[in-house]
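Engineer: When you get a sec, could you build the whole thing from the sequences and use the hints?
Chain by chain, the residues:
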Amino acid sequence: KAGVTQTPRYLIKTRGQQVTLSCSPISGHRSVSWYQQTPGQGLQFLFEYFSETQRNKGNFPGRFSGRQFSNSRSEMNVSTLELGDSALYLCASSSDRVREKLFFGSGTQLSVL
Amino acid sequence: GNSVTQMEGPVTLSEEAFLTINCTYTATGYPSLFWYVQYPGEGLQLLLKATKADDKGSNKGFEATYRKETTSFHLEKGSVQVSDSAVYFCALSEGPPRNTDKLIFGTGTRLQVFP
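Residue numbers (my numbering), protein chains in the order written: chain Y, 286 to 398; chain X, 833 to 947.
Misleading hints may appear alongside valid ones.
To be verified - Restricting the straight-line Cα-Cα distance to at most 25 Å, the calculated cross-link-like pairs of lysine-lysine (DSS-like) are:
hint: 1; chain 1: X; residue 1: Lys-900; chain 2: X; residue 2: Lys-881
hint: 2; chain 1: Y; residue 1: Lys-386; chain 2: Y; residue 2: Lys-342
hint: 3; chain 1: X; residue 1: Lys-888; chain 2: Y; residue 2: Lys-386
hint: 4; chain 1: X; residue 1: Lys-892; chain 2: X; residue 2: Lys-881
hint: 5; chain 1: X; residue 1: Lys-909; chain 2: X; residue 2: Lys-884
hint: 6; chain 1: Y; residue 1: Lys-386; chain 2: X; residue 2: Lys-881
hint: 7; chain 1: X; residue 1: Lys-909; chain 2: Y; residue 2: Lys-342
hint: 8; chain 1: X; residue 1: Lys-909; chain 2: X; residue 2: Lys-888
hint: 9; chain 1: X; residue 1: Lys-900; chain 2: X; residue 2: Lys-888
hint: 10; chain 1: X; residue 1: Lys-881; chain 2: X; residue 2: Lys-909
hint: 11; chain 1: X; residue 1: Lys-884; chain 2: X; residue 2: Lys-900
hint: 12; chain 1: Y; residue 1: Lys-386; chain 2: X; residue 2: Lys-884
hint: 13; chain 1: Y; residue 1: Lys-342; chain 2: X; residue 2: Lys-888
hint: 14; chain 1: X; residue 1: Lys-909; chain 2: X; residue 2: Lys-892
hint: 15; chain 1: Y; residue 1: Lys-386; chain 2: X; residue 2: Lys-892
hint: 16; chain 1: Y; residue 1: Lys-386; chain 2: X; residue 2: Lys-900
Don't read these hints as lab results, they were simulated from the structure.
Structural biologist: In structure tokens:
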């Protein structure tokens, strides 16, 4: 069974640009969550989607948005990039039958110059 | 609000030494507690979990007991190996009755094991 796949693996952008990150969950998983990981702040919850609906949201500005498609794949978008958005963005999926057990992808390393 | 506090690292040990990584939490209700591990260049992997007070989670020689009276979930291993070198994260889930899989993570503790 394939794991959680995140693309791209690395991304370099400049301030003011926007970026879209993609996540394909484990087959059959309908819940997808996104986390931002930085050395200073650690792992911060961004948002969670279930069956195309946002189920929970963290304390990030509106520049951070996400969505989930009918096949459970998810994207997150960051507009008007700032230097502080440089981070590893991790996606995780979970199964309805085994709640709270998250399977993480390897992440997208975003660098904002 | 809910939070998790972990001991700062790095923790540096020789192979076969005993490991303890402290974790305490603040939470309302009855959260589930987790330890996740992150190897270099990879995402997080669930190491073990406990869902109620006095539960002991265990996996690959690692153990942690859910202590409600001390609000702790310390990670232990009797004999570490070089391959255990990684960053370890303690986490709690807001869980039921809230309909969410959101986890709140500690800051992580880097473990370095030398031969």
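Engineer: All hints are to be evaluated individually against the structure, with a verdict given for each.
Structural biologist: Cross-check of the supplied hints:
The straight-line distance between the Cα atoms of Lys-900 (chain X) and Lys-881 (chain X) is roughly 14 Å, inside the 25 Å bound, and the hint therefore holds. For the hint pairing Lys-386 (chain Y) with Lys-342 (chain Y), the CA-to-CA distance comes to about 18 Å; that is within 25 Å, so the pair holds. Proposed proximity of Lys-888 (chain X) and Lys-386 (chain Y) is supported: the alpha carbons are some 16 Å apart, at most 25 Å. With a CA separation close to 13 Å, the supplied pair Lys-892 (chain X) and Lys-881 (chain X) stays within the 25 Å bound.
Of the pairs offered as hints, the one joining Lys-909 (chain X) and Lys-884 (chain X) holds, with about 21 Å between alpha carbons and a cut-off of 25 Å not exceeded. This hinted pair checks out: Lys-386 (chain Y) and Lys-881 (chain X) have alpha carbons roughly 9 Å apart, not beyond 25 Å. With a C-alpha separation of about 35 Å, the suggested pairing of Lys-909 (chain X) with Lys-342 (chain Y) is violated against the 25 Å cut-off. For a cut-off of 25 Å, the pair hint linking Lys-909 (chain X) to Lys-888 (chain X) stands: about 13 Å separates their Cα positions.
Between Lys-900 (chain X) and Lys-888 (chain X), the direct Cα distance comes to roughly 12 Å. Compliance with the 25 Å bound is thereby established for this hinted pair. As the CA atoms of Lys-881 (chain X) and Lys-909 (chain X) are separated by approximately 15 Å, the hinted pair is consistent with the 25 Å bound. The straight-line distance between the Cα atoms of Lys-884 (chain X) and Lys-900 (chain X) is roughly 8 Å, inside the 25 Å bound, and the hint therefore holds. Simply put, Lys-386 (chain Y) and Lys-884 (chain X) have alpha-carbon atoms about 15 Å apart, close enough for the 25 Å limit, and the pair holds.
A distance of roughly 31 Å separates the Cα atoms of Lys-342 (chain Y) and Lys-888 (chain X); the hinted pair therefore is violated under the 25 Å criterion. At roughly 9 Å between alpha-carbon atoms, Lys-909 (chain X) and Lys-892 (chain X) fall within 25 Å of each other, so this suggested pair holds. Restraint check for Lys-386 (chain Y) and Lys-892 (chain X): the C-alpha separation of about 17 Å stays at or below 25 Å, so the hint holds. Distance hint between Lys-386 (chain Y) and Lys-900 (chain X) is fulfilled; the C-alpha atoms sit about 21 Å from each other, no more than 25 Å.
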